[in-house]
Every structure is written in C-alpha cells, then in structure tokens.
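J.: Please take these sequences and the hints and turn them into a complete structure.
2 protein chains.
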Amino acid sequence: MTDLTAAIPTIAQLRENSLSGVVRHEIERLILSGELPTGSRVNENAISLRLGVSRGPVREACRALVELGLLRLIPNRGVFVRRMDRHDVEEVYDLRAGLTGLAGSLLASKITDAEIERLRALVADMDEAADAGDFRQFYPVNLEFHDVILQLTGNSRLIKNYQALVKEFQLFRTHGLVQSDALKESNAEHRAILAALDSRDPAIAYQASFRHVQHGKQRMFAAFDKLTQAGPLPAEPAEPRPIE
Amino acid sequence: MTDLTAAIPTIAQLRENSLSGVVRHEIERLILSGELPTGSRVNENAISLRLGVSRGPVREACRALVELGLLRLIPNRGVFVRRMDRHDVEEVYDLRAGLTGLAGSLLASKITDAEIERLRALVADMDEAADAGDFRQFYPVNLEFHDVILQLTGNSRLIKNYQALVKEFQLFRTHGLVQSDALKESNAEHRAILAALDSRDPAIAYQASFRHVQHGKQRMFAAFDKLTQAGPLPAEPAEPRPIE
DNA sequence: ATTTAGTAAACTGTTGACAATCTTCTGTAG
DNA sequence: CTACAGAAGATTGTCAACAGTTTACTAAAT
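Sequences listed follow chains D and E, in order.
In this text, residue positions in the first sequence follow my numbering: the first is 21, and each later residue adds one.
In this text, residue positions in the second sequence follow my numbering: the first is 21, and each later residue adds one.
The reader is advised that the hints may include incorrect statements.
Because identical chains cannot be distinguished in the list, a pair is counted as satisfied if it fits within a single copy or across any two copies.
Straight-line Cα separation of at most 30 Å, DSBU-like style, residue types lysine-lysine; simulated pairs [to be verified]:
#1 Lys130 x Lys187
#2 Lys246 x Lys187
#3 Lys204 x Lys246
#4 Lys237 x Lys130
#5 Lys204 x Lys237
#6 Lys187 x Lys204
#7 Lys130 x Lys246
These aren't lab readings, by the way, just hints derived from the structure by calculation.
Because the structure is a prediction, the values reported are computed rather than measured.
T.: Given below as structure tokens:
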C-alpha cells in the first residue's frame, strides 16, 4: 500500500519531485530501515556526498522530516533521528486510536455492501494466518485491512495524519514480539470492527476501532515489559542534551 | 495561549530559530492575516527581499509550511497559498471533531476537580457573552476553553496536530457570520462537554466533544449557504491548474 | 593524574551566482 | 481578427563558497 521508493531514484520520482523530494524519500528510507539509527545525527555533508547532490536539497528534505516528526532539530547542532521513549509511544498509540476510531466512525455512515465484503475477506485471510500462528502472513493483511478502512473514508487529511503517525511509530521498532494468541485476539477485534461497520452505527464503529488500537497498545506494552524484565523503558533515554 | 510572534523578529525568536524559523513565522503570519491572499503564489524573491534575507531560508520555511498544509507546492512553478473548497473545509471539520473528541476522551479519565472548576468559569464567561450576543467577547473564551482541554490531555502530538488544523481552518476565513442564538447553542454544548468530563466517562466525553464540532460545522455551513444564496461553494475553485 | 585553557577541525547557517524551467509578450501567418 | 511560433523576461532549482558556531584535540598548570 504505502509506496516504498527504492534506494535508486525510481525514474518518475526524479521528474516529479526534483531532487529535494527524492532526497526526502531516501532519508526517510534510511531512518525507517534503521540504517540511520535512532538518536544519531544526520550529517548533511555525508548525505549530500552519498546521494551526489548539494547540501541545499538535503537541508530542505531534513526540514520537511522535522515537520513530519521523524527528525529533531537542535539549532547549530544539526538534526537527529527522533528517539522515542515510553511516553512518546503512548502518545502515538492514543492518537492512532483516536484517528482509527474516527475513520471507523466516518466510514460507518457510508460504507457499501461490496466494501464490507472486501473487508470480510481480509478478516478471513487473517483468521487463517492466526490459526497457523503465522505472523509473517498476518501482518501485511492487517496493514491492508486498516489501510482500506482509512482510504474509504475519503478524508485526505485523516489519511495523511495517520500515515505520518505510522511512520513515527516505526521509529520504535518492536515488531515480532507479538504472541500467537495475540493474533487471534487482534483479529477478533477486527471482526468486531467489521460488525460495527456493517451496523452502520458511527458511535459503535468508533468504539470498536478505538478499542482495537488501545488493546494493541496494552498487548505491546505487556509483551515489551515481559521482554525487558529489568524494568520498563527509561523516561528520558539520553537525548543528545538539548540544553546545558 | 498560542504565541503570536509580531511582525518584527522579537529578539528571542531570532536567537532561537535562526532566520529560517523567523521567516517561517513571518510567512505564516502573512498567510493567516490574509496579506498573502488565498490561492496566490508566494514569490521567493519578493519574500527574501522584504525580509532582507537570502532565498535559502525562505525556501526552507516554505517547505515546512507545505508539510504543515498551509502552502501547496507545484514543481517548477512555486508554492501557492492553499485554497480551501467545501470538501476541504468538511475534511478539516471532521478531523477536528475527531481530535476534539479524543481530547475529551483522554481528559475525562484524569481531569481534576480544580480543572473542572476552571472550565466551569470559562463556560460562565461565555454564558455572559452569549446573553449579551457579544461575539467579540465570546470568541476568545471559546478558544481558551478548547485550548485548555487540549493542553490538559498532555498529548503533545495531539496538541500539535490540532493546532495545525486550526491554522489550516483559518485559511477559510468565515468568522463573524455566526448568529447570536448560535452562541447560546454552542455554549450549551460546552456545558454538555463539561458535564461529560465531570462524569469521568471517556465515551460520553468523546460523544459530547465530537458532536460539538459537528454541530459547529452544520451551523457554519448553514450560515454560509444562507449568505451565498446563489449556491454553495464551488467544488474546484480555479486552482492554478495543477496539471495541463 | 586530573583539570583547564587554547587551538584546530568539523559542521551548520547563510549567501550570491548559475542553470533549467516556465510565463509573458510580440510578431507573423492564416 | 484569431491562432500560433519564437524570443525575452521572470522565477524556481541547484550549487559551491563563506561566516559563525560547536566539537574534538592538545598541552600546560594544578
């Protein structure tokens, strides 16, 4: 669904976005892929050398990513890949829950039978994957399920905000620590969302969608805290000292 | 609440944000004040000359504002002050309703008695203004009421997203066409939000907050359509042709 | 040995100039 | 009189160099 622009500027993007845009996508890729690790400084010179362009476009791209929330700007020191602490993750989850709920709410009042069936098929696919305990199969369908709902709302601003949030969430790379019964739990909630949409009641659709993400948050934190027995995430994990 | 930076770079901002930030705020001011009219092109040269800086910082500022949604970028043509059609306004209202609802929902589970009282005082102030039919007195308190709720959630991303949305909404300058009975209606809804928060029930607080904005949307469109008898807003009002 | 002052390198912030693109104006042909 | 082609002007996109700040290193003093 989300377009993953390859490392090499893919023809069209170069004509469309004219360097600055290409650079932006490339830096985004470097961040989300983890090549630029969390908390590290993004060296303008290094990037411009690596991509064979001047520093101007690199700076523009960085400013855009700062606005998007993936980078953090400290004047005269540079931009740093944003570090997410527990509070940040909680914020992202809460906001994502709200937007997901809104999407469900908006869609409930105008979804068609054909669209319902399309979603039902996705839920069935996820059921299959959940029964097999196959996270690798489950995950992309899960993504598609939520993306379809989002797109069907037709609210471009909602879509943009949500996708930005997903990217920010990826900074906190903690996938794969989901238990196999969590898959079944998660898909049961998908079924609830589907039923709510089918009922055409915005309030119910909101509730079902909102709760799904909030439960996801709880599942994630539970799994995470179990993994790091020593203690939960530090509240302030050594930001590159913003102020002396 | 929101810091209105004056036209002249106000000392601190200059040290803090180093030109690019100052320029960004100044362009933002030009847009929101209407000096740069909706749909018009933002000439990099003109801005840089006017502010006495080079084009670099101006470009950076513009890219940031594009990301924020106030400007629209067309490659090799420049950036244009975003034009809002009816669909855009509807999108903004819907998203704003969702975020407002989320704020209410999040706050309901943790609001203190003192905070409730603070909000109650604001509602009382608005009652007074509504009785007098004084929109000029009503408006800033209304703004504060919603801003307080937003801030008390403590979710910085929610706050940022909401405030960006408010700025975008200001592009569609249609204040003052509110009838005096709409004030009373609006404040009745404020009272409902307050009661919902007081009940500490997130679901009810969501509903009350969400509905308030949706009713605001209806009030606005009703007033607007009455004003422009000829017909509602055009669906695509002569964008500077994005594609030939 | 540790701390502190001083110096050099690295990096960001900013600028002015050059190249590519688009827009407008003018003149000519139909 | 209208439509089209071409040139001139304006504007964006990009670059390389300069200035100011921060960081890292070195050496002397306690």
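J.: Please go over all the hints and tell whether each is borne out by the structure.
T.: How the hints compare with the structure:
no., hint, in the structure
1, Lys130 x Lys187, "both (28 Å within a copy, 29 Å between copies)"
2, Lys246 x Lys187, "within (25 Å within a copy, 43 Å between copies)"
3, Lys204 x Lys246, "within (20 Å within a copy, 52 Å between copies)"
4, Lys237 x Lys130, "both (28 Å within a copy, 18 Å between copies)"
5, Lys204 x Lys237, "within (16 Å within a copy, 40 Å between copies)"
6, Lys187 x Lys204, "within (25 Å within a copy, 42 Å between copies)"
7, Lys130 x Lys246, "between (42 Å within a copy, 27 Å between copies)"
The structure meets every hint from the earlier list without exception.
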